[in-house]
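Student: Following the hints, position chain B against chain A.
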Amino acid sequence: MGAFNERQIRFVHELMYQIKVGEAMTTEVVTFPPTAVFREIQRCMKEKRFSGTPIVDCGELVGIVSIDDIITAFDQGYIDEPVHTRMTRDLHTIPQNYSVIAASNLFAKYRCGRLPVVARANSRELVGILTFGDILSHLLLKMNTIAERIEKEEQSLHKTLQGASDTLHFELAPDNFDLAGMASTSTKKHLQKLGVEPAVIRRIAVICYEAEINVIIHSLGGYMEVFILKDQVRVHVRDDGPGIPDVEKAMHPGYTTANEKIRALGFGAGMGLSNIKRCADHFSIKSSMETGTDIEAVVYFDPSSAATEKENQA
Amino acid sequence: MKLAAVIDRLELCPFAVEDREIEVTGAYCGDLLSDVLAHVEAGALWFTIQNHLNIVAVGQLKDVACIVIVNDVAPDPQTVSKAQALGVNLCGSSRGSAELCMELARLPEFSP
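Chains as they are written, first to last, in our numbering: chain A, 1 to 314; chain B, 1 to 112.
Certain hints may be false.
On the chain A side, residues computed to face chain B include the following (Cβ under 8 Å) [to be verified]:
{"no.": "1", "residue": "D178"}
{"no.": "2", "residue": "A180"}
{"no.": "3", "residue": "G181"}
{"no.": "4", "residue": "S184"}
{"no.": "5", "residue": "K188"}
{"no.": "6", "residue": "R202"}
{"no.": "7", "residue": "E210"}
{"no.": "8", "residue": "A269"}
{"no.": "9", "residue": "G272"}
{"no.": "10", "residue": "N275"}
List time: in silico EDC-like cross-link candidates among lysine to aspartate or glutamate, alpha-carbon distance up to 16 Å [stated by the list, open to error]:
{"no.": "11", "chain 1": "A", "residue 1": "K277", "chain 2": "B", "residue 2": "D35"}
{"no.": "12", "chain 1": "A", "residue 1": "K277", "chain 2": "A", "residue 2": "D294"}
{"no.": "13", "chain 1": "A", "residue 1": "K286", "chain 2": "A", "residue 2": "D246"}
{"no.": "14", "chain 1": "A", "residue 1": "K189", "chain 2": "B", "residue 2": "D63"}
{"no.": "15", "chain 1": "A", "residue 1": "K261", "chain 2": "A", "residue 2": "D175"}
{"no.": "16", "chain 1": "A", "residue 1": "K277", "chain 2": "A", "residue 2": "E248"}
{"no.": "17", "chain 1": "A", "residue 1": "K261", "chain 2": "B", "residue 2": "D31"}
{"no.": "18", "chain 1": "A", "residue 1": "K277", "chain 2": "A", "residue 2": "E296"}
{"no.": "19", "chain 1": "A", "residue 1": "K46", "chain 2": "A", "residue 2": "D69"}
Here are the computed distance ranges between Cβ atoms for each label pair [claimed, not checked]:
{"no.": "20", "chain 1": "A", "residue 1": "L220", "chain 2": "B", "residue 2": "E109", "range": "47 to 53 Å"}
{"no.": "21", "chain 1": "A", "residue 1": "A173", "chain 2": "B", "residue 2": "P14", "range": "30 to 36 Å"}
{"no.": "22", "chain 1": "B", "residue 1": "E103", "chain 2": "A", "residue 2": "D240", "range": "46 to 52 Å"}
{"no.": "23", "chain 1": "B", "residue 1": "T25", "chain 2": "A", "residue 2": "I146", "range": "53 to 59 Å"}
Since the hints were derived computationally from the structure, they do not count as laboratory data. Just so it is clear, CB atoms sit at the ideal spot from N, CA and C, and this is done for glycine as well.
The shape of chain A in the complex, shown without the other chains:
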């Protein structure tokens, strides 16, 4: 049981901090009064397959009888006597608002398999019983819910992208200015064939061109994907680095790191990223010095859904 503390399985550990004892415990608890005899409890345990039971007197928890207590009772010959004289009275309980990680620590500390759960700290009002199995079941249930949610999200994204009437993919080589604009012009031709409104096409074209040029000028190479959906176009550009040290600065119009040669060609005006942002209804950029830069820009065909999107972003 201590394994959880030692191995530090981070995700499970975090979950265990979130789960409260009250959520995981069993509430339908078989209890006995102090006048019950050991044999009676032993029969019930055998029949209902549990290995310990709280002893409750007038709604108050007064003791616990475990399978060990039963064995001792057989051994010592008091199996037909009432439990109140022999039961374990030195009780370890846990309040229902504690996290199950606290319970797990108590299981390990006292080497016990179950804890009576009380309504609150310093209370003797029994509200349930908690075993390690209960924690495990609840943990699995939670993980299953999370897994299902992730699966659902992935499916819905997959569906969105599958709904694409077309997906265009372009590899972008560094420093190859002769091919610059190929991806953008192909994308534009494609959208023209689909009958997209020219003004919308021009916005998408600017996004593609600027992103394409950025990859060619600044990166070690990358690719561009254009997903054409019913109501929108999503442009995704990814490069293999070296990454942008200060994205905020790079977004600022006029800020450039391009060399003289590139600027002489009319590139490197420091307007690329701000041009992309201005033309997109939704724009996001992620850059890491380890893995490179990721840009996503969305343009809606219908200006009204673009307005809603901008409101949502704000």
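Tutor: Just chain B now, with coordinates in the frame of chain A:
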């Protein structure tokens, strides 16, 4: 105003002109490609000193009526063949951008 008439009145030198009938609706001067991408309107004459083939992509993407390389700068041969391939109109002029713009503005079609 049709491109054919503009070529005639401004005495432009056609390098690659596929559509002489296209309507010219304005003009823009710019040598920074991002600036042009951001500001040039569709249907404009675009005056620039850039002569490399990337101007063709920019012109094509923004639907300019015609790219005009100014100050007697000769276009790269690649630029001309690319313009022909993409159907982008490309001309040249010995004059500067400002002079050409002013002359265009004086034409009755552009005067208020």
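Student: Should the hint that G181/A touches chain B count as held when the rule is a Cβ pair under 8 Å?
Tutor: holds, 3 Å
Student: Restraint: K188/A near chain B, CB-CB cut 8 Å. Satisfied or not?
Tutor: holds, 6 Å
Student: Should the interface hint for A269/A be scored as holding, given a Cβ-Cβ cut-off of 8 Å against chain B?
Tutor: holds, 4 Å
Student: Checking one constraint from the list: CA of K46/A to CA of D69/A, max 16 Å. Satisfied?
Tutor: Holds, at roughly 14 Å.
Student: Check whether the Cα positions of K189/A and D63/B lie no farther apart than 16 Å.
Tutor: holds, 12 Å
Student: Hey, K277/A versus E248/A, does the alpha-carbon distance stay inside 16 Å?
Tutor: holds, 13 Å
Student: Can you verify the interface hint for D178/A: is its Cβ closer than 8 Å to any Cβ in chain B?
Tutor: D178/A check passes; min Cβ-Cβ to chain B is 7 Å, inside 8 Å.
Student: Check the following: the C-beta atoms of T25/B and I146/A are separated by a distance inside 53 to 59 Å.
Tutor: holds, 57 Å
Student: Holds or violated: N275/A as interface residue toward chain B, Cβ cutoff 8 Å?
Tutor: With a closest approach of 5 Å, the N275/A hint holds.
Student: Per the hint of 46 to 52 Å, is the separation of the Cβ atoms of E103/B and D240/A within bounds?
Tutor: holds, 49 Å
Student: Do the Cβ positions of L220/A and E109/B conform to the proposed distance bound of 47 to 53 Å?
Tutor: holds, 50 Å
Student: Does G272/A hold up as a contact with chain B if the rule is Cβ-Cβ below 8 Å?
Tutor: holds, 6 Å
Checked against the numbered hints above, the structure violates none of them.
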